[in-house]
Amino acid sequence: MTTLLLAEHDNTTLDPQTAQALTAALALGQPVHVLVAGTGCGGAATAAAGFAGVERVLLADEARYGAGLAEPLASLLIDLAAGYGAIVAAATSTGKDVLPRVAALLDVMQVSDVIAVEGPETFRRPIYAGNAVEIVRSGDAKLVMTVRASAFAAAPAGNAAEIVAVAAAGDPGLVRLIEDRSVASDRPELTAARIVVSGGRAFGSKAQFDALLMPLAVALNAAIGASRAAVDAGYAANDLQVGQTGKIVAPDLYIACGISGAIQHLAGMKDAKVIVAINSDPSAPIFQLANYGLVGDIFTLLPELTAALGPAR
Amino acid sequence: MKILVAVKRVVDANFRIRVKRDGSGVELDNVKMAMNPFDEIAVEQAVRFKEAGVASEVVAVSVGPAKAEDTLRQALALGVDRAILVQHEGRTEPLGVAKVLRALAEREAADLVLLGKQAIDDDANQTGQMLAALMGRGQATFASGIEIAGETVRVTREVDGGLRVVDLTLPAVVTVDLRLNTPRFAALPAIMKARSKPLAKLTAAELGLDLSPRLTVLRTEEPPQRQAGVMVATVTELVDKLRHEAKVI
Ligand SMILES: Cc1cc2nc3c(=O)[nH]c(=O)nc-3n(C[C@H](O)[C@H](O)[C@H](O)COP(=O)(O)OP(=O)(O)OC[C@H]3O[C@@H](n4cnc5c(N)ncnc54)[C@H](O)[C@@H]3O)c2cc1C
Ligand SMILES: Nc1ncnc2c1ncn2[C@@H]1O[C@H](COP(=O)(O)O)[C@@H](O)[C@H]1O
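Heads up: the sequence lines are chains A and B, in that order.
Each residue of the first sequence is one higher than the last, beginning at 698 in this note's numbering.
Each residue of the second sequence is one higher than the last, beginning at 610 in this note's numbering.
Quick caveat, the hints were computed from the structure, so don't treat them as lab data.
Accuracy of the hints is not assured; some may be wrong.
[Unchecked claim] Below, simulated DSS-like cross-link-like pairs (lysine-lysine); rule was C-alpha separation at most 27 angstroms, straight line:
{"no.": "1", "chain 1": "B", "residue 1": "LYS802", "chain 2": "B", "residue 2": "LYS676"}
{"no.": "2", "chain 1": "B", "residue 1": "LYS629", "chain 2": "B", "residue 2": "LYS611"}
{"no.": "3", "chain 1": "B", "residue 1": "LYS856", "chain 2": "A", "residue 2": "LYS970"}
{"no.": "4", "chain 1": "B", "residue 1": "LYS676", "chain 2": "B", "residue 2": "LYS810"}
{"no.": "5", "chain 1": "B", "residue 1": "LYS641", "chain 2": "B", "residue 2": "LYS806"}
{"no.": "6", "chain 1": "B", "residue 1": "LYS850", "chain 2": "A", "residue 2": "LYS970"}
[To be verified] Taking beta-carbon pairs under 10 angstroms as the criterion, some of the chain A residues facing chain B (in silico):
{"no.": "7", "residue": "ASP707"}
{"no.": "8", "residue": "GLY763"}
{"no.": "9", "residue": "GLY765"}
{"no.": "10", "residue": "VAL808"}
The structure displayed is predicted, hence computed values, not measured ones.
For each residue, glycine too, the CB sits at the ideal point set by N, CA and C.
Chain A extracted, bound-state conformation (with noise of 0.2 angstroms):
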């Protein structure tokens, strides 16, 4: 039976995690259709029926799946399930949010955060923050999953599938969307980076938080990172904090700075390739997993460091 995937895009851009999530879907061996619904995200189908691999994309482009909301999204796929074996999405806070809900409303349990498809019904999940893996089977009817995207290399393009338009389904209307605090940020977005600068608690302020990292992300063309105590203090917005929390991350370089090591720190950023640790205390937990470990003052080396690196490129 066919999987359904349902797209991340914030209606105008396709998100680069659902890629990623394409090729966890394949793996499952079936074919694959792409659910994209929102309103006025033409253009989000485009990209997606443009992946290899993808058999069919439905859009649904109503005003009622436009800011995002579960209860009309998990209508919608509830309304669609009967037709697919599978239902994934990436594990964003959007997939988090409505893959759950049509698992209960299909009274099967969902399997959460898949870093790897052994089988049709047999997948990796890490439990205790990263402290473990999980190999689960699933004997439910159907499978619903969330899929880790740093996991997985995004499926290639190549491709051009029939877009189908999908009529929408009912909506509760229990949720209203009242305001939309989107960061804008002219930074890579964290997810998708090549290499990510992240600051801890160290920093004490925001102004130094920004003084000090954003030259450095400038010069690296980075996207900044935050620790859970960063955030919590107010230097870094809640959407840049790495961790068992918050975002998975796995880029190919990744610079801690002023940030301890703290488990649920490491749970977000373990699978980085390269990881460079920068922390006046020689005995900080990060450096048991650094490639690059650096003692020494942040205030000092970050400048030393930008300098170093010459001007943008």
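Given the coordinates of chain A, assemble chain B with the ligands onto it according to the supplied hints.
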């Protein structure tokens, strides 16, 4: 207004767990257990609503072994009025727990159900969403702000792109995130008083529910371990290594 709050007994967040040699699971003997940190935040929020006169009663529920009574006593010490333990030995799954919570939310005629966004043992992040679906009610996940005004609850949600504010019609389900509040510590007199607060015990079977797991855990493995690399002495050396050895910049 009545609030139901779900609390799970989990391995303490500061405890470094070990995978059993034979791959049959995680070592749970002689391990420090605690209330799931997100649930402490949910309890704190419920108690604040009670103190502010917004809620008339707060009831805590846990699905778990007899020992989960400790977790419920902790919730009672933090200001919860009453507790219900649904005894169940062995693994619980979000779907089963959601069914139990639905049955109790109905029985108690709860107006608001508060849960943590995620249990730090299974990291599933499902139960609240499943509960809202089963109740046919609205959900607001990852809350960093909750206000109640009449029949409406306004929730600020932490999402990937920033923040979103939503209004839900009560009854509703809200799952809480870390920045909602800072939980208090229970004072000794409150801990003493909690011993005599009502705690009811029942089983899933008494609610007509079957909690047998749907997922079979075939194996539990140690994740691949990273090795520590080298220490560099200067920024110049670091840049050189990144350029010529790691070739990442
Ligand atoms: C349920 C739960 C979930 C959590 N989820 C997350 C999560 O998703 N992400 C996350 O990050 N955390 C998470 N945490 C929090 C985590 O446990 C740590 O508290 C947090 O990661 C610490 O942040 P930090 O390293 O910035 O601060 P600290 O641990 O305080 O470390 C600061 C570091 O800066 C160094 N330092 C100080 N001054 C300087 C200087 N001038 N120059 C250089 N170095 C300096 C210090 O030596 C220290 O190592 C969670 C916790 C719980 C309980
Ligand atoms: N066994 C349980 N007993 C009580 N509450 C639970 C239980 N399991 C999960 N929950 C609640 O559901 C939330 C999310 O858990 P999960 O979906 O397992 O990540 C937790 O923070 C708790 O509030």
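(request) Tell me, in ascending order, the numbers of any earlier hints that this structure violates. (result) 2, 8
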